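Asker: Listed below, chain by chain, are the residues.
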Amino acid sequence: MTHRFSLRARVAAATALGTTLVVAVLGVLVALAITRNNLAQLDRRLETATQVLVANAGTAGLFLPALGDAGAFAVTIRTESGGLLSSTPTELPALSPGAHTVDLGGTAYRTYTAPTDRLPSLLSVAVPYAEAQDITTEQHRQLAVAGAIAVAVATALGWIFGGRAVRPLVDLTRRIVARAPTLEPRRSGIREADELAAAAGDMLSDVARAQAATDAALATARDFAAAAAHELRTPLTAMRTDLEVLSTLDPAGDVLSAEERTEILGDLTRMQSRVESTLDDLERLARGDLSTSRDFVPTDPVEICDAAAADATSRHPGVQIEVVGETGREIRALPSGLRLVVDNAVANSVRHGRARRIRLAVTADGTDTVLTVDDDGRGVPAGERGAVFERFRRGSGAARGGSGLGLALVAQQAALHGGTARLEESPLGGARLTVRFAAG
Amino acid sequence: MIEPATVLVVDDDEDVLASLQRGLRLSGFDVLTAATGTQALEVVARRRPDAMVLDMNMPVLDGTGVVTALRSNGNDIPICVLSARSTVGDRIAGLESGADDYLTKPFVLAELVARIRAMLRRSAPGTPGAGSVVRAGGLELDTAGRRARIDGTEVELTKREFELLEVLARNAGIVLSRDRLLALVWGYDFDADTNVVDVFVGYLRRKLEAGGRPRLLHTVRGVGFVLRDAA
Chain A
571 MTHRFSLRAR VAAATALGTT LVVAVLGVLV ALAITRNNLA QLDRRLETAT QVLVANAGTA
631 GLFLPALGDA GAFAVTIRTE SGGLLSSTPT ELPALSPGAH TVDLGGTAYR TYTAPTDRLP
691 SLLSVAVPYA EAQDITTEQH RQLAVAGAIA VAVATALGWI FGGRAVRPLV DLTRRIVARA
751 PTLEPRRSGI READELAAAA GDMLSDVARA QAATDAALAT ARDFAAAAAH ELRTPLTAMR
811 TDLEVLSTLD PAGDVLSAEE RTEILGDLTR MQSRVESTLD DLERLARGDL STSRDFVPTD
871 PVEICDAAAA DATSRHPGVQ IEVVGETGRE IRALPSGLRL VVDNAVANSV RHGRARRIRL
931 AVTADGTDTV LTVDDDGRGV PAGERGAVFE RFRRGSGAAR GGSGLGLALV AQQAALHGGT
991 ARLEESPLGG ARLTVRFAAG
Chain B
13 MIEPATVLVV DDDEDVLASL QRGLRLSGFD VLTAATGTQA LEVVARRRPD AMVLDMNMPV
73 LDGTGVVTAL RSNGNDIPIC VLSARSTVGD RIAGLESGAD DYLTKPFVLA ELVARIRAML
133 RRSAPGTPGA GSVVRAGGLE LDTAGRRARI DGTEVELTKR EFELLEVLAR NAGIVLSRDR
193 LLALVWGYDF DADTNVVDVF VGYLRRKLEA GGRPRLLHTV RGVGFVLRDA A
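Chains as they are written, first to last, in the numbering used here: chain A, 571 to 1010; chain B, 13 to 243.
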């Protein structure tokens, strides 16, 4: 369980703690100095008094016993061996020369002892230690009060400045919570807060950008799903109508002629394969969208073209397909993707262009590899050459039954390979499809 | 049967066009076809068909464009639009611009045939009797001029919207079921699988409640609709 404090409270507490430590250490040192100083002063006064008395030791010795000291001071003269010569009523013990603290009947006295010239003897002067102690205690008290005030002031300043330092953070939090459109412009003058605001602003704009990208992707997916549904519903509508004609309008088989029946069945078969090829192409599109860099392997485009040409020749017997290019030049590619491009290009030429001759060429252009598919078919009108690459967009001259996805798949594969696809006029008279694969 | 009615089928998909032509011909109609919106307008002008089956999703001039062009020329030919998407909401393209009904692809041919027949019956000439003015609450319907006013403000209504509102206004305070409204307004005497009544009530509400006017057409849950004055 961690306790949660505001940053401001932490700053104030840290200031208080720091100040307390410093004040305490300094206070102890100063207090010791005060104690020592006061004692030294007392000792000096005692020394002075002693010197005065020593000079008049003879006279003083006579009336010392008569002085009523009331415990406020004491003077005692003793022989060097300790024998009492004279003393005030408060009698001091035998002491060596110098300053001492002695205990007389429970009261501490500070003494100073000095030798006298006459009858070698020692004179001791004493005052209650409390005299120095009282001043010291008073000064210690003042010191403590000053220290406490210093700690309080420092804590208050910590609270005030801490609050000021924290304010930009509080402000930033409020703006983030309120989803402020921009966090940048308000300069707080506190570097960390400004840096945090900038970083948070960057992060929020990244999040917003990612959100926008997701939204756009979702919108594209929705449009695509709607378009795909339309593409499937259309032939299904026709199929349903035809089936109903067969089953309801001609239940006995005597309304339609044999030719009409054959025509309807032919239409149904064709539309069934149209639905199937639309589904196949949708699946291929989805697979293309899901391919990763691990699927890319060194591939020879000429070999792909050769294989595709061989298959296409057997499928379209009357069509002459030629492959131009040197084998051995490999690019990093999706083999199935390259094959899809070539297959779709050939199928388009045959089906929509009614081409009799197709030339597949692989050439190098700098570091790029360029695949060109030329045919002698009907070509694609200049105004449609860009649009036919869009999904479900058919050319005006397109034959019936296409999925509308063939060139969209070519464009998708080109993009997956970091390249481009475009349509032009072919020197053979029909259409030329150029797919450029970027190196690397 | 005297002379078969002529129906124009408009769809940009050859397969749909071919199958509908066959199906409607065998159902007893004379069928004309058009593959584009422009072609459709030409055929309507030249051959004057009795009804129209119109695909919404066509390049260049789409179904909405065709309906708008026909209605702004004062052509009242009954139009059933074909929508490719199963729209959940009430926004069916074409209906708002003046089409009479809609079907979602793929549909049952028999359903289309029944609706075309009903539309043809309704649009047979001679039915509009003497013009009269129907009043209900702040609503005022001039049936001869087919003009509607609410609180003195003119409201633009399509033919089908006006007919629906007229039936509800003539029966103000009486709850009419969807089937009853389909029979009275669309002439559907069969079990039609459609929410076209709800769609048109939605359109009428939007137009009648514009400017914050209180609701006039109320839904009676499980029963139908009623025109009831708020006051």
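Incorrect hints may have been included.
Stated by the list, open to error - Quick list of the computed label-pair ranges, beta carbon to beta carbon:
#: 1; chain 1: A; residue 1: G836; chain 2: B; residue 2: G224; range: 53 to 63 Å
#: 2; chain 1: B; residue 1: R37; chain 2: A; residue 2: S843; range: 19 to 29 Å
#: 3; chain 1: B; residue 1: I186; chain 2: A; residue 2: I746; range: 36 to 46 Å
To be verified - Calculated Cβ distances over 10 Å to all of chain A for the following chain B residues:
#: 4; residue: E15
#: 5; residue: D27
#: 6; residue: A30
#: 7; residue: R34
#: 8; residue: F119
If you're looking for bench data, these hints aren't it; they were derived computationally from the structure.
Since this is a predicted model, take the numbers as computed values, not measurements.
C-beta: ideal position from N, C-alpha, C; glycine also.
Asker: Evaluate each hint against the coordinates.
Answerer: Hints, one by one, checked against the model:
| no. | hint | in the structure |
| --- | --- | --- |
| 1 | G836(A) to G224(B): 53 to 63 Å | holds (60 Å) |
| 2 | R37(B) to S843(A): 19 to 29 Å | holds (25 Å) |
| 3 | I186(B) to I746(A): 36 to 46 Å | violated (59 Å) |
| 4 | E15 | holds (20 Å) |
| 5 | D27 | violated (4 Å) |
| 6 | A30 | violated (7 Å) |
| 7 | R34 | violated (6 Å) |
| 8 | F119 | violated (7 Å) |
This entry does not satisfy hints 3, 5, 6, 7 and 8, going by the numbered hints stated previously.
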